[in-house]
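Visitor: Residues per chain are reported as follows:
4 protein chains.
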Amino acid sequence: MIPRYARPEMTAIWSQETKFRIWFEIEAHATDALAALGVVPKEAAKTIWEKGGTARFDVDRIDEIERVTKHDVIAFLTHLAEFVGPDSRFVHQGLTSSDVLDTCFSVQLKRAADLLIADVDALLAALKRRAKEHKRTVCIGRSHGIHAEPVTFGLKMAEAYAEFDRCRARLVAAREEIATCAISGAVGTFANIDPRVEIHVAEALGLRPEPVSTQVIPRDRHAMFFATLGVVASSVERLAIEIRHLQRTEVLEAEEYFSPGQKGSSAMPHKRNPVLTENLTGLARVVRAAVTPALEDVALWHERDISHSSVERYIGPDATITLDFALARLTGVVDKLLVYPERMVANMDRLGGLVHSQRILLALTQAGVSREDAYRLVQRNAMKVWESYHHGGSSTVDFLSELLKDPEVRAALSEEEIRDKFDLDYHLKHVETIFARVFGE
Amino acid sequence: MIPRYARPEMTAIWSQETKFRIWFEIEAHATDALAALGVVPKEAAKTIWEKGGTARFDVDRIDEIERVTKHDVIAFLTHLAEFVGPDSRFVHQGLTSSDVLDTCFSVQLKRAADLLIADVDALLAALKRRAKEHKRTVCIGRSHGIHAEPVTFGLKMAEAYAEFDRCRARLVAAREEIATCAISGAVGTFANIDPRVEIHVAEALGLRPEPVSTQVIPRDRHAMFFATLGVVASSVERLAIEIRHLQRTEVLEAEEYFSPGQKGSSAMPHKRNPVLTENLTGLARVVRAAVTPALEDVALWHERDISHSSVERYIGPDATITLDFALARLTGVVDKLLVYPERMVANMDRLGGLVHSQRILLALTQAGVSREDAYRLVQRNAMKVWESYHHGGSSTVDFLSELLKDPEVRAALSEEEIRDKFDLDYHLKHVETIFARVFGE
Amino acid sequence: MIPRYARPEMTAIWSQETKFRIWFEIEAHATDALAALGVVPKEAAKTIWEKGGTARFDVDRIDEIERVTKHDVIAFLTHLAEFVGPDSRFVHQGLTSSDVLDTCFSVQLKRAADLLIADVDALLAALKRRAKEHKRTVCIGRSHGIHAEPVTFGLKMAEAYAEFDRCRARLVAAREEIATCAISGAVGTFANIDPRVEIHVAEALGLRPEPVSTQVIPRDRHAMFFATLGVVASSVERLAIEIRHLQRTEVLEAEEYFSPGQKGSSAMPHKRNPVLTENLTGLARVVRAAVTPALEDVALWHERDISHSSVERYIGPDATITLDFALARLTGVVDKLLVYPERMVANMDRLGGLVHSQRILLALTQAGVSREDAYRLVQRNAMKVWESYHHGGSSTVDFLSELLKDPEVRAALSEEEIRDKFDLDYHLKHVETIFARVFGE
Amino acid sequence: MIPRYARPEMTAIWSQETKFRIWFEIEAHATDALAALGVVPKEAAKTIWEKGGTARFDVDRIDEIERVTKHDVIAFLTHLAEFVGPDSRFVHQGLTSSDVLDTCFSVQLKRAADLLIADVDALLAALKRRAKEHKRTVCIGRSHGIHAEPVTFGLKMAEAYAEFDRCRARLVAAREEIATCAISGAVGTFANIDPRVEIHVAEALGLRPEPVSTQVIPRDRHAMFFATLGVVASSVERLAIEIRHLQRTEVLEAEEYFSPGQKGSSAMPHKRNPVLTENLTGLARVVRAAVTPALEDVALWHERDISHSSVERYIGPDATITLDFALARLTGVVDKLLVYPERMVANMDRLGGLVHSQRILLALTQAGVSREDAYRLVQRNAMKVWESYHHGGSSTVDFLSELLKDPEVRAALSEEEIRDKFDLDYHLKHVETIFARVFGE
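Chains as they are written, first to last, in UniProt numbering: chain A, 1 to 441; chain B, 1 to 441; chain C, 1 to 441; chain D, 1 to 441.
One or more of the hints may lead you astray.
Which copy is meant is left open, so a pair is good if it fits within one copy or across any two.
DSSO-like cross-link-like pairs, simulated, lysine-lysine; straight-line CA separation at most 27 Å [stated by the list, open to error]:
#, residue 1, residue 2
1, K42, K336
2, K384, K70
3, K271, K405
4, K46, K421
5, K421, K271
6, K46, K128
7, K384, K271
Source of the hints: derived by calculation from the structure; they are not laboratory data.
All chains, please: the whole structure from these sequences, using the hints.
Guide: See below:
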């Protein structure tokens, strides 16, 4: 966890304090269930909640005990006993450490997923707002980085919206994957604990009982969880790279928000760097880095080995904290993104109207010109524009004017017909349809 | 694709012949839709189906044309025209190459997913059969590779069943992810094609229309697909490694099937290597290797760049063909796995009953012996067993006998009480519950 | 292996024919050594070379035998006997299959490394030529995609040269890593084979003896080899992405070579897509995908398990063939790259000279203007230029003219002093130094 | 960074304090060079060393300043000025932030490499000691997890020694890769700084000047560095897994050191878990996780983008700290590993001498028995042993006795000849040769 890429709410999920609080809840709920089954006194279960529920666990004290006992759960239980008193002997009856550890990890991942889903919701709201704002803000669409045909900036936002809407659904599924509880003993046979305890604890914590565990919850669940974070991170990267491209000096169709007084901009006003989205590109790599170790964690030996544990100490906090930060940062970028419609038009115009060459070609053939001749006519005018662009900053030759001046073209098409092919609305006629599909409105 | 790790049905999905057949279907369905919209003659659409539907496309001929045109879709259309005749000019009207290529890829991945799901179904059937067969075949459960408490071999199979049942659900979701169709033109605006064409083609091919495409179907879908294959491969690895462990010479609780006449076994009968499951371990790595490039493919530039294309030429066939092969091989291994209950008992007995030491400890304290004394009593008998094991092949000392001989133990527990703690049924009492959870029966 | 991304020489290394030829050489050299040690008759060793050396091994025949024997090396030896006759019984004496398989893999990887190093040499030659050609072709340097200060196109090529020169050294080291030979028997103890046989075979094949093998050559060597290919692939990606950026419509400072007659360019002359470098971006991902499985192959169980074998059947050919193709394609791209110095100047000029603002700022402070005032003066002129750019295609305001018109600026700096700060040569003064460092000339 | 997997010396390299101290040294050395070139007063350079050299930089104060300036290097320089006074204006003249940041990162990685190399040296010493100690401690060699032929425990250690000796060489090469210095300005042209400054700073810090940088040091160097760590981590994993296998209950040929009084062992003495090596297996995954992001960092845009920066904030400390910890832990494990020669013999004997079946087979054929008959004879005796093992804990039948009892066998071989084939020394005859190769003694 790198503090500068961490937000407090997600970080708190992974604090020692939170962990011990969840451990307490698991133990206390388990004791409730044991009391209901008559295994421990009901009074004891009550006492545990009363005294432990208000206790402020002391992380340093627990660490101190652990240095002696060499066992984290025992250290916690020893500390808990300092609050609860003699009834603490009824805590943890029949449980295995992993019952507590693994169920706690589920709770943490589930809470992390809750935050990530909320993050995506905020991002979706920003994307939707910007999409609608720029529904008909025309800009050039690019394939291979090369001008293709017009799109709108709103369509770009709609595309991102649809992508993150899918990411949301994936996160919901990922949350479902890891929201299970195991209180099943040393090898998962419930030899020393009644399965009804697991059912009770699961329900109390908003989890499902793991159908069959083996001291641990099977790690294919976690692999799926982290793989999903990797996909979401890749979508973050995609939008970040789009913005970085749009902010390039030569393109400059959009810019990360830059407050007027922000230092360093005064003498070199053009030097506004897309540092937030560059940063997001890197953070995406960091989140994705969790995927392979999570996949490697699946094949534990026999009923369990503990190789996954150290991996999860890193990737549990790192991947969720980093993705939470990245999503929030991306939301801020989208929300405040400076959009430059004038420059979008200017960029499109740089090629002097060449983006319409295909439509002219088609119009000529539909007007009865042979395919070969149509090509020749379009080509000779297009090449003039292109040559001019190719040797300077912007084309100084205008495709429309050239076409209007070309007698062979004019023999086939009227000025109105030619001008009509330069109509940008032609490209926008289905924008509403697409928006209806994406936003369902 | 490595022939020895490929099965014909999955391989066929990725053949040139299949690809061209799918291309034809996309084009023919699109022409149908265009005919219905009055853009092309209905008669032409009919002719295309009649003449193209029965045509045997010649891959070499298409390659030959492509060498001239340098464009695969144009090469195909040229070849198609050789069958269809003049009406072929109504094919591909308003479509972009990517409309055909990306939708074809969706169809291929969907079919691949269908096969993988069927593979998992076969594996689930084998696991269920073996689980029920060995529901109460006791073996030692191991944590950290060390004997812990008894489980059953059926429970191991049930665990794998539950895991692959989750994998099945993930594959169904992955199939849903990539089952979309895009017929939306050069930058996804439907500038030259009616969105209803896309809807028609999608329906005809069992796909959904992509809500917003940008010449290409967004690659987060494919990333999720391949990430899911990576998780399934990791589950394959887990079960493969379990079997490899069980087949180790010292363990030998199960063995990959070995036909009596199989070469090389005669003079060294012990040298039966778990080569199938070792192979599966490697194949899992191969399938997982597709995950990272698929994640890196998401962030295409602007409306599209073509960097994903070469990646998908490798991972599309490789990951699906390899996983299909791996699942089938694993099914065969499970189905015919030789299981040795006698050796399971023998292994458990190697430690002379030490696995029951915890229960004795508990019984002593419950009988009023102080925790400290109980420890001492258990320990002094346990250590005799352990020392004997530690210095030889198997323990020659029996924990039960030692306990029965120990007057201090006997002062607290009767012979019957002691023997009762060695009852394996104690550990099996919830097997039915777990089976009910997993198999829902 | 995807034929379209494969070149014949590298592909041949991985053919069955080559493999069997190498197997023969290993066996024949081993027999020579055994003959020298008096273990087998010298005459037999001679016969094997004579009859086997000219034999054309029949892959189909060997496959046929393997279907019966279920063992590839035995199948080959059986086929070899068909050429060699009775003396073939002296072949493979004391060897284990892995001795042949692993040593063969070393030979193949070494040859692959030879080709890759030659590929890099060709790329270096192209880079050096282009670097020198454009040593002083000025273009804007960009950090964060934003104009920074001038560089030259030759410097970009020099940077790539230095990077691939490092890659060359890495490939040489990687070749060294895997160039070892193991003829050490079932568990590497030379129980049934004299270590001198290994020494002889190693020398004959240009390999070193593996100091300690365990039936197999340790896989950390191969991991290092494939990790190195991953680094080289990433350098390919870097240069590919540089070219893609330079070819973007708005930038267009360089273009992949496009033959005048190349189809599709006529009507849309601007639609020249950087498909080769986009393809290289994807191929880099493919090569990198070999790294993780190669790392996972290291931890074989005990003296060996065979999990690495299937992995290597994929990544051995795939990673080397793909990287070979990528390096050759990149060399072609660099060699024939169309470079547009006029557009480089035009792009730099788009910001109306703003790239020199820092130098003016410094000159003002050196002329005694306070830091604060200097900022204010530069800023008010810079902002005019920027505003103009920000709202259109190119700046219509010129920074130099604005400065010359500004009385406060002129009070501190003469026209000559101001003009001097716009001198591009200022930025080129150490180009020779850098070239000397890189090209050592 | 996870405290429990971190050691102080490596952690200190990545502290804020260390970073600022290195920044200071870079700045002070650069100022020295500038003074020597007459750009700044020599007196000032002296003052900077005097006042800054003894200063205790206040991280909180720098953070406080950074919150205002939004720039880390400026914040540091501001703080430095608080110590140095007016002469601080001569610091950082002509430098770019990246000159400081990237060179600092080189220093940190170089120091990290120094520690890792020292770690490997300690590991090598432990391996060598254990190798020599157990040079002739016979144990069974296993391929595929199945008994093959005898090796010695010393050979296992020698193999690991050779592997880590290679790792050492790789780390030395990796250190060389990243030990470069860049003081070259905003786009690497030395426009505002003399190249001799870079040469001086490089020398003073034990680095080489980067031949051509572009504001940043090229990231292929760092990719190679982290890829190397990934390979070393995989070797750690290999040895860790070997030990985990040897400690399995059924095998128990070695055990991680367990202090007699260590808690939890008393009542369940067999439950000594190989938690250190399991942990190492996980840590290897963590270190390897740095490889892919490091490879993805290579392709920065144009002269630089800053996407690598966030990645390196994670993987710089995480990969080096974790690997340092892992190597040290592994050294401890090897150093104190409990080795059980008696159990090694017992395990080998479990198969009643079957490991010698191949030698008997060979002896029979050499004694003139036909290959077919020899097989039959060996097989009928071997199968008795195997059947007995297959149905119980250890074989109760002894291969040697059976052979001696078999009249057909005895017709071909004398008792002495048969017994001779059971001689373990046969397998050890080249142990010295291998040791000489590995340890060069």
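Visitor: Now tell me, hint by hint, if it's right for this structure.
Guide: Here's how the hints hold up against the structure:
Taking CA atoms no more than 27 Å apart as the test, K42 paired with K336 passes in neither setting, with 57 Å inside one copy and 49 Å between copies. Within a single copy, K384 and K70 get their C-alpha atoms only as close as 80 Å, which misses the 27 Å cut-off; across copies the closest is 26 Å, which meets it. In this assembly of identical chains, K271 and K405 lie within 27 Å of each other by CA distance solely across copies; the values are 24 Å between and 42 Å within a copy. For a Cα distance limit of 27 Å, the shortest separation of K46 from K421 qualifies neither inside one copy, at 80 Å, nor across copies, at 32 Å.
Taking identical chains as interchangeable, the C-alpha atoms of K421 and K271 lie at most 27 Å apart only when they sit on different chains, with a minimum of 19 Å there against 38 Å within one chain. When the C-alpha separation of K46 and K128 is checked against a cutoff of 27 Å, the pair qualifies neither within a copy, at 50 Å, nor between copies, at 43 Å. Within a single copy, K384 and K271 get their C-alpha atoms only as close as 34 Å, which misses the 27 Å cut-off; across copies the closest is 15 Å, which meets it.
Violation of the numbered hints given earlier is confined to hints 1, 4 and 6; the remaining hints are satisfied by the structure.
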